[in-house]
Amino acid sequence: MAVEVIMPQMGESIFEGTVTKWLKKPGDSVDRDEPLFEISTDKVDAEIPSPAAGVLKEIRVEEGKTVPIQTVVALIEAPGTQVAAAKPAATRPSEAPAKPPAPAKAQAPPPQASQKAEQRPAPAPPTPSSAPAPLSETAPPEAAAAGEDEEETVTDDGKRIRSSPLVRRLARENGIDLGTLTGTGAGGRVSKKDVLAAISSGPERPAAEPAAKPTAPSGAPPAQTSPGRVSLEAALPRERIYFGRYEVQPMSVMRQRIAEHMVLSKRVSPHVYSIDEADMTRIAHVREAARSEFEQKHQMKLTFMPFFVRACVDALRDFPTVNASVDGTNVVLHGEINIGIAVALDWGLIVPVLKHAEEKNFLGLQRGINDVAERARAKKLKPEDVQESTFSITNPGTFGGLMGLPIINQPNVAILGIGAIQKRPVIIDDAIAIRSMVYLTLSYDHRVVDGATAHQFMRRVKERLENWTEDVL
Amino acid sequence: MAQVTYLDAIRQAMIEEMDRDPAVLLMGEDVGVYGGAFKASAGLLKRFGWERVIDTPISETAIVGAAVGMSYLGLRPIAEMQFIDFIACAFNQITNFVAKSHYRWGAPVPIVIRGPSGGGVHGSAFHSANPEMYFVHTPGLKVVYPATAYDAKGLLKSAIRENNPVLFFEHKFLYRRIKEDLPENDYTVPIGQAIVRRPGRDVSIVTYAAMVHASLEAAELLAKEGIEAEVVDLRTLLPLDRQTIIESVKRTNKLLVVHEDTRTGGIAGEIAALVTDSAFEDLDGPIRRVTSLDTPVPFSPPLEEHFLPNATRIAEAARDLARY
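Residue numbers (the numbering used here), protein chains in the order written: chain A, 11 to 483; chain B, 10 to 333.
Among the clues, some could well be false.
Heads up, incomplete: computed chain A residues facing chain B, CB under 10 Å, no partners named [as the list claims (entries may be wrong)]:
(1) 170
(2) 175
(3) 176
(4) 196
(5) 336
(6) 339
(7) 340
(8) 433
(9) 434
Lysine to aspartate or glutamate pairs mimicking EDC-like chemistry, simulated, CA-CA at most 20 Å apart [as the list claims (entries may be wrong)]:
(10) 203/A - 290/B
(11) 259/B - 26/A
(12) 203/A - 237/B
(13) 203/A - 234/B
(14) 166/B - 189/B
(15) 75/A - 41/A
Using C-beta positions, here's what the derived DEER-type ranges look like [what the hints assert, rightly or not]:
(16) 209/A - 286/B: 25 to 31 Å
(17) 251/B - 206/A: 23 to 29 Å
(18) 89/A - 286/B: 41 to 47 Å
Think of the hints as simulated: they come from the structure by calculation, not from any bench. For glycine and all other residues, C-beta sits at the position ideal for the given N, C-alpha and C.
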């Protein structure tokens, strides 16, 4: 059968891509994972590997054309097709080359974790126009005849889902939105197996859908749900949202991803917050003294951020459970310290990752922070730049916030919030002094990190900051 | 216990019932002196005498008509059709008279009409028929079609003891091919009860008669591929054991109906309708059927082979269903 090659999603905010170069011509044979074409998106330029071995049958999107993600850009004829067409009986499910990803995986993992999967152009759920074609090619003639006018469920956003009466009943009884599942049955159908897997792997789902959806007042457009992900349900009945005069702005793809990630994080991690303060006077002096020389020597700004990163790296080394992830009943202690750094953008928020912070000297930290922040603002991040963080830092102080209580960046178990550095009167040895102070907040996942550990961790960060000795030049 | 063929099981059932009840008698073409075209009644004339083992003229209408009359007078005749194909000659007697007598006149007709049915033995278009559905469509009749020696004996005994007319179809392909150890004691198999011949979780194959064996063979093939087929042997076609069928579909969520009868108007269509009526929301795929072609049974061996369902075709259809 023909395997569809799709325009992959190369980052959270990416919704279209440009084919810059085809590395194969129609008729060329291609191996699985062999580079097939090059794309350019507003964030990433990349070579896209072939999803299957076979012969490039058809190129549907020419070089230079920009298409939405999930668009079929080419077809690959997988080997064995002729045999399969002539002898339909020989087609077995295991031979179907375009096996969609396992349903469990498609169930809205945190965006960062799912990006790895998105790098590779995984076969997309069939689009309305292309769905019948692969079916008639793969199924025996008899099956095609019987299956062609099989019932389909059409989701709000027009995606067609092939299923069966049983699957629809199971989905209804278990409150599962079929639009969020990837069908592994013949022709992309959602099968009993798929829906049972979704039921057993999704205990945190709401028990059942609300009995009746209140209809929107006239003029209110339907809220869009993103296919293949957990749809963001409205918290309020729609008539309580639409009143008076209003303007409706659809969420950008990035906004939707952020919203999903935040809801997911709050759902899976019981957040606890610890607040501490640190005296930054010494560091302020160090920074002030080194600033001009540093900027001249290294051609970049000297900020407070590397100081905080260094303090966190040292503290994380001492408290490995803070540098961890949770997988079911296992705590995964990470062997490297990769710091996610929240970068506010005009169009949203992204958390690029400073990899191997534990191996970097002060200069390396500052360079790395500047690099990812600049690339985030210039939309030049690669997918791997936003993956594999083990701990995150966010800096509400940049915008004047005294302190913030951040939401954990999954799959981390803690995030540090840095407030604004302000001069405040503090008492030292029974005297009132003017010091540069900062409020530090730690949001942590109480499943694995207890208050004692969190406060000891914060103590260590604070000590490191207040007793800074490292040479910054 | 001795190994008993499907044919001998039928013979034993008749002997035991004639021993048990003097009202039971056998009549048909060549059932006496010759012992039946397939020797189903070999030795019965000697054992029970000419008054209870009656050779008749070549007239199925007369055989059935006489049986009805005898039954009105308190006898329990077994009427043999030498080949079931010729039951068509008695169609009017059976559908208009036998089936309606109890309803119309309050006069039950405790007769059994039995005969060799089915293909696979190169018997051609006049000696290979599966005419069961003409009668399944007729209210007032009971229709049974066993697949094993145990059931053949047990169901025939039940049919003879039944106070209303029973059509008892015997598959001639199974006559000497099926051999089983049968219990020595008197047992019966209730009419109207299907049986799960092989449990499975992936697809239900509902079938009867010779196709039970082809389906079990297909299930063996499928098991090697990891597909567990459940094989349901209907045993009785009328009244149909709906409960066993529905329960099986609820377990597997896929249904394949297999029969040797031709496709159009075969019981597969009836079962498909039954399941969509009663278990639509348990279906995870379309209902498929594997049947003979809509043609007379061909004489040519390769053509007959092409005409009949077989394990390969059953497995193919089940495999296709499993993909859903």
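Tell me the hint numbers this structure goes against, listed in increasing order. As far as the earlier hints go, 1, 5, 6, 7, 8, 9, 11, 15 are violated by this structure, in ascending order.
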